[in-house]
Every structure is written in structure tokens, then in C-alpha cells.
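Chemist: Read off the chains here:
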Amino acid sequence: MANPGRAGPARSALRGATVLAAVGALLLVGFPLVELFAAAVSQGPATVVAAFRGTGALQAIVTTLLTGTVVTVFSVVGGTAAALVTERGAQRGRSWLRAAVLLPLVIPPFVAALSWGQAYGTAGLSDDLLGLPLPGVYGLAGVVTVLTVHAVPLVYVVAAGALASRAEPDLERAARSSGASAATAFRTVTLPLLRPAIVAGAALAFITTVNAFGVPAVLGTPAGVATVTTRIYSDLVFAADPQAFVRVLVLASGLVVLTLSVVGVADVRDALGDGLTRTGAPLGGAVSGGPRWPGALLWGYALATSVLPLLALVLVGITQAVGLAPVPANWTLGHFRAAMSGLGGPALARSVLLATVAATTVLLLGGLLAALRHRRGGKPLATMATLTFAVPGSALAVAVLLAYGPWLRDTLALILIAYLAKFWALGHRPIAGAAGRQPPELAWAARVSGAGPATTVRTVTIPLLLPALAGAWLVVFLFGLHEVTMSSLLYGPGSETLAVVILNLRQLGDVPVTAALAVLLTGMVLLATALLAVASRTSRRLVSRRDRA
Amino acid sequence: MTVAACGQASTGSGSQPTSGGAGGDTVRLYTTVTQETVDAVVAAFAEAQPDTQVEVFRAPTGELNARIAAERREGGLQADVLWLTDPLSMQQFDAEGLLAAYAPAEVDAVPAEYRTDTFTGTRLLNLVIVHEAGLDPAPRDWPDLADPAYRDAVAIPDPSFAGSAFGALGYFAETDGGLDFYQSLADNGVVQVPSPGEVTSGVAEGRFMAGMTLDADARAAAEAGSPVELVVPESGAIAVYSPIAVTESAANTEGAEAFVDFSLTVPAQEAIAGTGWEPIRDDVEWENEPATQVSPDWPAIYDRQDELLEEYQAVIGG
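Residue numbers (the numbering used here), protein chains in the order written: chain A, 1 to 549; chain B, 1 to 318.
Same shape as in the complex, but just chain A (with noise of 0.2 Å):
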């Protein structure tokens, strides 16, 4: 009995879920792709050709491209820059600081587009104060730097975990003491030991920028600037002729390969395991002396990306009428009823249930996976739902209704199904990280003792993993509150989500009712956010408590 894990009655549960993980991994993105490609490819060469001839389709995947390597190129100075300033400099309110450069992460993309046309943009808050508009918010100047406001945090989290984990301060220590410059052993010591940390975040970056519709619909439509996911947008929701079509179907595979050959399935890996999930995790190790400007440098950082066009989006919802002065005698909560009242209310009603149940169905199917770890058959199933999380939504989206369409059309479970395929590795990846983590020897414990494999799970791995699972469920909760790429090109008659309802707004000119409708979003988001953290706090310092005892 070296491996009392592996005896009958085990084996053949894990067998059940080999076949329960293999069916799910083939129903959520086996079939959908394989028939995007399908009917990609029965269109002929000619029709693939002509598609792309004189409609700006190449020009959308050349900006593409350009947007996601100069945004993934910023973010990854940036955030990297970031971490080495609060997990190595000086600073004073050290958490703080690092729930300021993560803010962004809790602000819906597509909001901060918003918000920063607001505060930034012509007749925005900047222009009416200070008679300045920043020029190019509206256009390709304007996507790059919201995605990269946006990308930051996503290598930041990435790299500060490594600093905190890896990057020992007692080598870089040593390096000084030896006689290394701060450059030398920054160049030498620090790089070095970030550089898998890096390529993961810059991975991160990559395939969020690639996959970002709401920023690029919201600054760069309305200046003539097409992404292949606002192409494919307009071309499947907005044109009624066959060729725009055939063009979704092609752009669709085209955006699947080219991100896949960008991103490698280990990148992906590394990122989802140590970043997203862990930024609840006590980081340390910090280098003291050095000096304070770069921590103040990173606080008016998020002031101006942040929270001024935040500010700028909640004085436009509650100012009264559009055009009027936002001063207190002209606020009204008028707009956050009627935003309530109309399509909005039973839009969010809608977005909270998908964002549970994505969120829960996604904890069981990551569990799945995790479980298979060892398997024969879990390897495969694993790296298919990793490197489901790097192919667009945009995609996945259009391969989902191809597959399922004509049953589910206008129905939530369509929906729900193209969030399982991209958010399953959310759940798997952080869950198998913890796993690996967790001494097996505990589990081994309690089966000599006695404990069956149900108990042994009920009682050791499930209480050992429930931080790892409590990280992933509001993960996914968050993403699926607030998605719109995949929910823009999927809805239909009673299955608007809160975001499709927002942009629809926009579009149709209502401002203060759009701003409204975000600003309650994003307040949505940061609760539970702040709930999140509070909990996880609470149940580290009673898991001390305990251990202490």
C-alpha cells in the first residue's frame, strides 16, 4: 500500500472522471472550433480571398497585432516597473499602494473606455476645467493606452508574485555587498530571476489585448479604427449581407491562429497558476532605504488612470441633463432609476446569475482537471482548456454559435456555454497550482488512518484547497460579471447581459443613463472585490489563530 490513492474503488471514480472532463473539454471547445474551421474552409479559397479584398479586414488584424505588441510591450515596463517599486523600494502604506496599481483590474475594461472619454475626451471634464482634451482618446492613441492602463496590473501581479516568491532580496543583497552596483545587480540578480515571471505576464497582456472588444468598440469606433474583434462584431450583429458573413467566419479562424502562435500553452500555464489568483497571497521581502518618489510617481499614476475618470463617469450620471455644469444643483439620481427600470434592471439580474453559475460550473470542471493531474488522459484535457483561455472571445464566441446556434440561440446557455470554454482554465489552473502545492503526505495520513477517499477529500484536500477555490470562484465571477466580447456577439431577446445593454445604450446616445448603468457595474465589481478581500483576510488570520494553537 505505497499509494493507498490509487485503490479500486478510486481508480474507477477517477476513470468516471477522465470520461466526464474528456466529453466536457469536446462539447465546450472541441466541437465549436472544429466546426468555426469547417465552415471557415468550405467557403473555397476564392470566397476567403474576396472576403479579405477592399474591406479593411487586413488593416483590422494589422491594427491588432500593432495594438497588442505595443500595449503588451508598456505593460510589461510598466507592471514590472511597478512591482520592483512596492515589493522593493521604501514605501509607506505598502498595501495600499498595491491595491492602487491593481485597481484597475476591478474596473471593467469597456468602463474605463467610457470613463476616460469622459474625463479626457472633447467636452470631457479635463476640457471643461482646464480647457484641455487629450488629443487622440478617441482613435488608436486612446485603445493603447486604456488597454495598457488596463494590461498593467495583469503583469504586475505576475511579477510582484515572483519578487515576493522567487526573487530572493537576500541575493540581491549579496550582489550589493559584493561590491554590484543597484544597475548591476537589478541587471544581473533581479532581471534574471523575473524573466519566466515576465514572459508569463507579457503573455497575459498579449492575449487580453488581442481579445478586447469593449475599449477598441468604444474609443475606436467612432474614429474609424477597426480591430478584428469590432470587425467581426459589425460584420456579424450589423451587416445583413452573406460576404460579411463569410468574412466573421474567416477573420474568426485567422484571430484563433494567430493568437495561438503567439502564445505558447506554458506561458498561459504560468500565468493563470501564480498570477490572477494568488493577489491575495502575503508578499515580503521587501529592500528598505531608497527613495519615496517612485511609490508617489505610482499614486499619481492611478489617480490619473483611474480614479479621475471614474469620477468624470459618476458626475456624468448623476448631472441631469447632458451639456449642464455637474454641480450639485444639478444632480439628480434620476438616471440610476431609469437605468434600473429599464432593460438595466433585468439585464444585471441576468449577469449576476451567468457570473454564478459560469463561476461555480467552472470551480467543478477545474476540479475535474485538477483531480486528473497524474491521469493519462488529464495531461491533454488540460493544456485544450488552458490554451482555451489565450483563443478570443470574439472566436470562441462565433465558433460557439456555429455549434449550438441553432438550438440555443437567444438563450442564456448559449451564453454560458462560451464563458465554460474560456474561463475553465481560471478555475484549473489556480486549483492543480494548489494541488501540487499540498503535500500528498496529509492525504496519505488520514487513508492509513483509516479515512475513505470521499472523507479523506472532505476532510483534508477540499478545507486545504478552499483559499485556491475561493480565489477562482470570484475570479470568474468578476470576468463573467462584466464580459462583453463574447456576450455582444451571442445575445438575443431576453438574454441581454448588463454590459450588451450598456454599449447598446451608448450607442443609441444616451449618456447619462450609460454612465449610470457602468458606474453600477464597477461598483458591483469593487464590492465583491472588497468582500473578497476581507473574507480571505479574516480566514488567513484565523487559520494563524489555529495554527498558533
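Quick caveat, the hints were computed from the structure, so don't treat them as lab data. Just so you know, nobody snuck in bad clues.
What follows is a list of derived Cβ distance ranges for each label pair: (1) B:Tyr-302 / A:Thr-411: 32 to 40 Å; (2) A:Pro-291 / B:Asp-136: 50 to 58 Å; (3) B:Val-294 / A:Ala-38: 51 to 59 Å; (4) A:Ala-38 / B:Ala-112: 46 to 54 Å; (5) A:Val-534 / B:Gly-75: 46 to 54 Å; (6) B:Pro-267 / A:Val-534: 50 to 58 Å; (7) A:Val-70 / B:Ala-101: 51 to 59 Å; (8) B:Leu-309 / A:Ala-325: 35 to 43 Å.
Calculated from the model, a selection of chain A residues having no Cβ within reach of chain B, i.e. all distances over 10 Å: (9) Glu-35; (10) Val-73; (11) Arg-92; (12) Leu-102; (13) Gly-254; (14) Val-307; (15) Leu-353; (16) His-374; (17) Leu-465.
Glycine is no exception: its CB is placed at the ideal position from the N, C-alpha and C atoms.
Given the structure of chain A, go ahead and fit chain B onto it with the hints provided.
Modeler: Chain B alone, transformed into the frame defined by chain A:
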């Protein structure tokens, strides 16, 4: 009392649910009409005929067109009733055989130029000029929008997105015999935005000095306190009628006809007027009638829609 009134109304239009088939007493309505207006008419219909449920899908014209195209690709149009913003979009569906010939019960209350054998006007949308409050000189007619004084600061709605803008395009193409008006706007740096609503809010924000929009929209903004003024062009507000039709493939023809009938009744027309739009019936009170109103000869531009949009996009840009 309510029950008695409802009973009367439903026996009057003869729409007792008799068929047991799919759809039954549910009517599926696809529309581009403003949400507030659809909600008001559907609520009035629910009061008159509580047995018939109306399932609404509302989207802008371009989006609805794409949806209908997708449904036809996948096996057939799912809607029982189409209620659109402009006759040009509706006529395209008619030409493709998607509409059933139907004369609603109170069709005689609708002027003959606002209906065909298959679709009937329900309301009028008036395209007017909106400009910043206090703008000097203020535009007085459409050609003024090409004045260099407003260079790069005039906005127009996109005809491939908004049906009313498509109607306006039809008007200028038919009365001018070409797209000279749009060419002059393009030469003056006109900005195209998706919807008339965005024209109005853009002018209110100060992003644009003036633009083309809908009267109901500009009036609502001015009443809410936005710094905008509405101008009925000297040549007249362009009246676009918003047609409704029963589809050829309707699963619930009876229910569809009942809803179309209802849209022309006085209560429905009052609901339409109550949400800011000009009712199609003259016998329903409406205080915001523009001083002059013009309308193109719609049949003269039927079947030229694709060509018109292509020419327009060549002038303004996709």
C-alpha cells in the same frame, strides 16, 4: 371593470387564442422603435388583450437587419410582426417576400401616402436641425450645415445604423436627384455618428455645434435642460413614417394581426404621442406638429436602397 373592458376589446378584434400550435397566444415582435415607445404600446396592448403575450426584440435598424439575415440563414424568420423606423428598410423585406399582405382594421385612419398593401405607418419621425444654444449664426435650413462656420463640427446619424437617417438619405436622393447635399457636408468635415440620439448628446456636450437629429429626441434633451435648440428647417422637417407589418411566416398570424390592428387604435396612438412621437392619425392630439413638413415620394426610391447606401458610403465613408 377592467375585466369587462378587456373582454370587449378582445372580442372586438377577434383574437381569442384558438390555435393550439407553437406560438399559441404569444406574438413575437421585432422592432427598431424606441424602447420607451414599444414598452408603452405593448403595455396598452396587454391591458386591452391580456391573453396575448408580446415578446419583444428591440435593436437598431442595422442590427435588426443582420439578425433577420442570420435567422433566414438558419431556417427562417422567427418574428410574427415587424415594426420598423422607415419605409425603405421595410420595403426591402417586402421585396424579398417576407411580409404578408394585410389591411389593419382602422387602416382608413392612415393617410394613403403612409401605407402599402403589406405595411402601414404608425407614427411620423421628423428629422430636424439641432444646434448649441446661443449659436450665432444659427443654421436655418439643411444647406446651412455646410457653412464653413461649422467646419468639422456638424454631426449626422449613420443610415446603415439608424432607419430614420436612411429615410433622410432617401429624401435628399429623391428630391435633389443625387447626393450633392451629403457631398457638401463631407467637404465641410461632417462627422458621422451611429444614432440621432448621439447627434443630440454630442451637441449638448459641446462636441458638435449642430447636426441632424429627430425632433422628439432634441425636444426631450432641451426639456431636460441640455443647452440645445431645435430648428425646423425652412424647407420643412423631413417626415419619415414608421411602418408595421405582419410577416408571411408568422407562427401566430391571428395574434400578429391583432397587434398590428391595435397599433392604429386611439389608445396605441396616444401611447405613441405620449412618448414624444407624432401619431399617424390626425384625430389624436399632437401639439408639436412642425410648421412645415416634407416627405419624399417613397415608391420612387424603392428597390434602390443598396445602391443609395453604396453611393452614400462613397461620399461619407463607411
